[in-house]
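A.B. asks: The primary structure of each chain is shown beneath.
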Amino acid sequence: MIHSPYIRKPASVQSVMLAVLLALLPGVTAYVVQVASVVVVNLLIATVTALAAEALILMLRKRPVAPALSDLSAVVTAWLVVLCFPPILPWWVTVLGVLIAIVAVKHLYGGLGQNPFNPAMVAYCAMIVAFPSLMSQWPPAGQIDFQTQLDLVLGGARQLDAITGATALDAMRTGLRTSGASVESVLQQSGTFGAVGGRGWEWLALGYFAGGLFLLARRIITWHMPVAFIATLAVVSGIFWLAEPARFAPPLFHLASGGAMLAAFFIVTDPVSGATTPRGKLIFAAGIAVIAYLIRVFGAFPEGIAFAVLLMNLCVPLIDMKTQPVVFGHRGSRP
Amino acid sequence: MSDRYTATRTSLRTAGIMIVFTLAFTAMMSQMYRTTRPAIEASEQEQKMRLINDVLPPGSYDNTLLEDFVAAGPTPELGLDRGGRIYRARRAGVPAALVFEAAAPDGYGGKIQLVVAVGADGRLGGVRVTAHKETPGLGDYIDPRKDRNKTQPWIGQFAGMSFAEVAPVQWKVKRDGGIFAYRIGATISARAVTNATGRVLEYAAEHRDALFAASTGSAI
Amino acid sequence: MIARLFNFHGGVKPDSHKNESSSLPIAAAPLPPRLTIPLRQSVRSAARCLVAPGQRVRKGERIGAGEGPLGTDVHASTSGTVVGIAPCAMAHASGLDTLAVVIEPDGKDEWIERRAFDHRAVSREAALRYLSTCGIVGMGGAGFPTHIKLGNGHGIETLIINGAECEPWITCDDRLMRERAAEIVSGAAILHELIGARRTLVGIEDNKPEAIRAMREAAADFPAPVEIIAIPTRYPAGGEKQLIRVLTGIEIAHGKLGTEFGVQCFNVGTAHAVHRAIHHGEPLVSRVVTLTGNVSHPGNYEVLVGTPVETLLALATPKPDTDRYLMGGPMMGITIADLSVPIGKTSNCIIAASPALFPPPPPELPCIRCGACARACPADLQPFELYWFSRAKNVGKAQEYHLFDCIECGSCAFVCPSHIPLVDYFRFSKSEIWARERELKASDQARERFEFRNYRQEREKEEKAAKLAAKAAETRAKLSGSAAGTDAAAGDDPKKVLIAAALARAKQQAGTTESANTATSHAGGPGTQPDIASRREQPHLHDSDATF
Amino acid sequence: MLTALLVMTGIAIVLGAALGYASIRFKVEGNPLVEKIDAILPQTQCGQCGYPGCKPYAEAISNGEADINQCPPGGEEGIRKLADLLGREFKPLSEEHGEEKPKSVARIDEQLCIGCTLCIQACPVDAIVGAAKHMHTVVPALCTGCELCVAPCPVDCIAMTPLPETLETWKWKYPVFDLRSAA
Amino acid sequence: MSSYIFVVIGAVLVNNVVFVRILGLCPFMGVSKKLETAIGMGAATTFVLTLGSGTSYLIDHYLLQPYDLAYLRTLSFIVVIAAIVQLTELVIQKTSPLLHQVLGIYLPLITTNCAVLGVPLLSVALDYNLLESLLFGFGSSIGFTLALILFAGIRERLDGADVPAPFKGTAIAMITAGFMSLAFMGFAGLDRFQ
Amino acid sequence: MNLQTFRENAWNGLWKQNTGLVQLLGLCPILAVSTSVVNAVSLGLATVVVMAVSNFAVASLRNFIPYEIRIPVFILIIAALTTVVDLAFNAYLHDLYLVLGIFIPLIVTNCIVLARVEAYAAKNDPVSSTVDGIMMGLGLVWLLGVLGGIRELVGSGTLFSGIEMLIPGLSPLAVFGDDYPGFLIGVLPPGAFFTLGCLIALSNRIRMRAAVGKPARPASDSEGAAPASAAP
Ligand SMILES: Cc1cc2nc3c(=O)[nH]c(=O)nc-3n(C[C@H](O)[C@H](O)[C@H](O)COP(=O)(O)O)c2cc1C
Ligand SMILES: Cc1cc2nc3c(=O)[nH]c(=O)nc-3n(C[C@H](O)[C@H](O)[C@H](O)COP(=O)(O)O)c2cc1C
Ligand SMILES: Cc1cc2nc3c(=O)[nH]c(=O)nc-3n(C[C@H](O)[C@H](O)[C@H](O)COP(=O)(O)O)c2cc1C
Ligand SMILES: Cc1cc2nc3c(=O)[nH]c(=O)nc-3n(C[C@H](O)[C@H](O)[C@H](O)CO)c2cc1C
Ligand code: SF4
Ligand code: SF4
Ligand code: SF4
Ligand code: SF4
Ligand code: FES
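Residue numbers (the numbering used here), protein chains in the order written: chain A, 8 to 342; chain B, 2 to 221; chain C, 8 to 555; chain D, 29 to 211; chain E, 965 to 1158; chain F, 4 to 235.
Derived by calculation from the structure, the hints in this document are not laboratory data.
Yeah, the Cβ is synthetic: ideal placement off N, Cα and C, and Gly gets one too.
One thing to keep in mind: the hints can contain errors.
Under 10 Å between C-beta atoms, here's a sample of chain B residues computed to sit facing chain A [unchecked claim]: (1) Y109; (2) K112; (3) T136; (4) L139; (5) I185; (6) A187; (7) I189.
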């Protein structure tokens, strides 16, 4: 029997996820135009894999398939996996990544809404640990033609060193750590940099930013996470930069390079695996920013956001527990 | 009063039993240790020799290598922060080669322990990794037993090299602008070993004479 | 004087659907062929029946006497004959039956003698008692007896009259305020006096401009300090705590009542009923009910308490695709399983529902923790956490997360993109917790009684054993009486020795009985299992010769 | 060898003495845990757990002799609470100890009762009233539904009747999960 | 000074006993069902491990090394630790019977919590001095406690999840631990920066 | 010691109370050493020896051990035996010793050893205690073998790497050929957790099936060993 309330707002998980996909489009467009158009192929591969994997698991578990597939959450995960991975990966890495995200992370915990970890980020971490070399081969923005990219993705010979370049973050790290260069010289010397972030990549950051604003306007995400993430990353990198400008890159560099903007609006904000209370969201996002910065600058991995997200995912139950908002009528009864 | 009495008594009793057990089992272990010590030492020597033979052909010297050594204190050039030994190979009393215990401190997983043989002519005899914590399957190719390329293991490229062929500034992996090969995705391990061998070579060149001159077992 | 308004967290804005039923004036519903007046007007208490079948009653006559502190009297809503005292379905989610007086109206609708009551002439207590005998209960939802809520006559700073009517579709309070503003204001003034308030505020959602205007006019004409305040339209602004918050800024603390903060809140209908009772001597026998939804003639009707819903519905002519009926609003109302349910004092609205108007919820998906529900919750709860625990039946944890601060307003379920019937989970958890509390009480009681019984048996056994022992010792002492003279030299009193011996024997005996007696043996373990088996399977063999 | 023995003996003496002393100094009496467990048990005193009443069962659990899933009246909920208290894994009710039944009370058919008082003696909570040779009745509010009185009755006049649902005991049902009901 | 800080950071995060060194897993899996017990176990382990590290250092440094008794290391360390554990057990049993019951078989098993032996052995192998050994023991046990608490938080939340039946219970817990150790790999290198 | 107890011990050790799958004890070596089959099985066998002997020793001496110091004494015994095994390996099986390296001393802290001593040997006669030790150990060995096999296969595409150090002349199998990129996670700690998690799930599934299929426990222990024989 159905009980009250009998009326509902016309909202659905599907519409939420659709909005997220739409919001990703500016970024994806920038990606295609500026960096590597092959990303479209990857998105396609990932989408198909994700849907097939989800359908298969649901059938195995004897659960209705249609509603779960049509909620589009698997597609969001798949797209985010692709957008975090280098675009010229062989197709099977993408497939494997998506399978990890959907099967091992999402469905082992019971499917949508129940995974304590961000599926896309687990996929990234697993793959960078498993295939560190493949996962750190990024193409220089917009310098390889589509056919070559497609060859790389679909197999075929890989003369990697000839093709791949370091991402801005990677080059900065290697430059600063091993060749003793200063921030400025790294920025000037390399041909792959624009003013901030890598050349071409800052357009992606801008695209993601625009999409993020759309999500904010649609009230699909709240301001807490993006603001806390961006602000903390800026402040932490700013402190180091001010202390030693030659050794530490400026905040704008950190914000515009790597996956910072994608993370700020699309990854940190994953509702399922993130903190939920307003204060919790601030702590969660700020924590990610701090850890990500430390890993980027001092750690062993070129991009620390994925690990930072996982590490903060671990803390979510505690954060949520300790930041429960004061319930109506309990003001003052709590310190 | 009786409480204390029983407390003391119980303590004594348990202590007594504990002692009996301890004595019995310690005696057992001691006995075992005594019995096995010669065998263990022999095996260790043999192991060491096997390693040295890997980097230095057994025929190239005629002294008892393991007994002809210099104890190095903490030597940053060799990556030794607790000291180690430097063995001296001689042929008919003439210095033939030095075998260094060394370490590369900056491997991906921490220290990489090495033995490096340097000929009296400044040529590298060979390099072997004795212990490391590099990632299995990724960085462990520096150890020829784990290297998939069995015919031409990565570490083999150092044999016979000297500063005569490779200028010190070139003694780096290719990625850093040197001449040595590395495996993509695990540059760090290769870099660590390469740089460490370079440092050993430099050290050998500088201290060769002093090393051969020192009396055996002495510390430098 | 424009009061500063405050805000409450959350809330939602569903389509109001007020226009359907608010345009026509309140019409009197015709007399139904039969009235079923439940003796139980709320979950809290049931009245004692005062009539017998065959008895003739007049309108307003007492047919049930309130029982207990929370009882109020029940009255016949028209004149006629009592034809039966029979169970009838209740307007309650459970659909359970309750005892009701069935009256066959004689069509004359003949009142008892009505006399205005001068509440100023009597003591406060008498006035409150009078309201109780008039059956005045809150008409805003819970049906709580008004005389209780009027309290002890001091400490109330602000009286609030709730004209918010925040639920969609319902317009009975709106119409009442438009048409009988003066009576409401008069009722409010009486409440004001009785409760001893300093000011009276009437909160009305600003989507009811006519009602606000009418009430303002009435209040202006009225000597008492009654202030009409328009509040922003946002469900559930009419919730007591929310309204108090909006009008006064006071946040009623958890577990506390408004009175403890100097505020008390009554529905406009209650105020109206109080006016009728005091100035016209009329007990509460009718109320305004909105008929709306999927009907051809929506509107508001003055309906006698006890009118079956089905007879009432005929007035509005439900359309053919109607599939069920709701009582109350679409946010908090219940589905009426049985159309013979009578209108009660709190039944404010009947909505005919069709799949088009109230589509069945889309399939429930898992919660994605999007937080929409938390943003909508007026109680600042985290509904998805409550849901997560309730779904796992971890109700203790749900309680820790303040389950009982949930007012079941339904805002969370309204916004949930996963279409989770959140409130159902909360109701489930709440009733589970109540049930557990009942069980805990029962088990505590059982433990006490069990332990007492054990103690009693033990004592009886000991007494018996002591008696036996004493007897035995006595006889023995008698037997060896002469020889014992020297024996007792050690003790200065021979009697004492006797008693000591008896006690020692008793102890010994008690020891042996205990080990043989299953009921008092405390040792666990396998040794007791056969005892148990015997206790369960053939206890009469054992127990008959046990020293119970 | 000798040094080894001496060193180890020294260690052993010190530790052995310390432990021996501590085992006296910190000796524990009583077991407050039993009370906590007992508070969870439903106090039906029915003995279905294999122990003569709830308290003995509580003691057995505390001593590690009994498992936590032996009390049918406590049901799944009771097991869950015990598991929670003791930090153990939840496990379903052990089959050999019976199954969870709806709560019932005993009712004595007053026509048949011969007043033998056997049921009074059996009832662990004194929920049956009546004098010898007179008709007995069960006080429903006190009856825990343990069924212990059923067997002793020589004329089989005691029957267990499930408690009807009243407005006070009515519960909201667990919302149906129509989507994923298939396990 | 900063080397001491790195010892702690290294022990807590980078080379977390549970996730990187793979020590102490039995209590990690066994006592992490509830937050409170996790905290209790963490506290007990911290106490034992810190004390054990210090004592082990002293024994190694002043008894075993001077007399060339390195082969007694395992034995003497574990005996000392076992005694400390048993002492703790007796004290807890007296002062907090509930904690004692809850920690159940794990208190005696602290002895075989490999971390408790592994950490002192490691600190000998790493040639730490007394202060470093203490810090290393303390840091490792804090790392253990951290892992335990985070894990318990997640496991409490997992209670309500619709995990596939064969994975319910320990299997999913194990997999969760896997994701946690993956996450902790992110700290790699943070104890070595200049 | 009759056949019945033997069967029970075997069934318990190999399947019903399997240390890694059910009791979740002794996890550290299971997870840490299972990077390859050879490592895993060798250490498993060393553990079997220690378990058997220590169970025997404790069961024989159990009546002389006071309660308060039982744990230190048990540990003393186990540690002494472990050291003896360690020294013996070092002296007489030096190659094997080098492969196992630091893992042998860690047998001391393998809580399954102490757990069995506490739970079984301290209460039972020496013979069945020894059998129990062996069976529990063998339960560990097959699990280690399977785990090591999977991880090695996934992580580096080989099987039995390092076998040449145990049995000279044999060489590892490159199952997936030399081009296999190596799914490194397999040999890293996360891979250990995942693989064991999946094995536990698999065993749960088998147990669930069995529980549905037949109410009584299977009489023969051959089924318990079945997964072991599935190991390559
Ligand atoms: C889990 C993991 C383990 C790694 N292990 C090693 C290693 O053992 N040796 C190594 O040189 N690099 C290792 N790396 C890779 C380094 O982080 C670094 O990316 C690489 O050495 C840079 O090489 P490239 O410039 O050829 O890509 C590892 C990376 C990860 C993620
Ligand atoms: C158990 C119970 C006790 C109450 N006691 C009092 C009281 O002593 N004084 C009072 O003014 N209101 C009392 N109330 C009334 C509440 O404050 C509230 O006004 C009433 O339940 C109407 O709530 P509603 O918002 O659900 O319609 C009580 C309510 C309940 C349920
Ligand atoms: C969510 C919610 C919404 C409510 N909305 C109204 C309302 O619009 N109008 C109203 O009079 N009472 C409403 N109530 C009931 C009031 O809280 C309160 O019980 C009532 O105003 C008390 O007056 P009474 O005792 O005269 O019924 C609502 C209660 C809840 C829980
Ligand atoms: C705002 C938003 C952000 C999301 N971010 C992620 C993400 O970072 N990674 C991911 O796998 N899924 C993401 N999703 C999709 C979805 O929440 C995810 O599939 C669930 O974690 C699966 O249970 C996101 C969804 C929304 C609405
Ligand atoms: S609105 Fe629904 S889906 Fe969103 S958090 Fe609340 S319960 Fe979950
Ligand atoms: S029903 Fe309860 S939880 Fe939901 S919004 Fe209303 S008060 Fe909050
Ligand atoms: S089964 Fe439960 S209710 Fe019955 S005696 Fe045992 S513990 Fe008490
Ligand atoms: S009356 Fe019967 S069923 Fe009820 S408590 Fe007593 S013995 Fe048990
Ligand atoms: S804690 Fe049990 S084996 Fe490590």
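A.B. asks: Each hint should be assessed against the structure and marked as holding or not.
C.D. replies: Each hint tested on the structure:
no. : hint : result
1   : Y109 : holds, 7 Å
2   : K112 : violated, 16 Å
3   : T136 : holds, 9 Å
4   : L139 : holds, 7 Å
5   : I185 : holds, 5 Å
6   : A187 : holds, 8 Å
7   : I189 : holds, 8 Å
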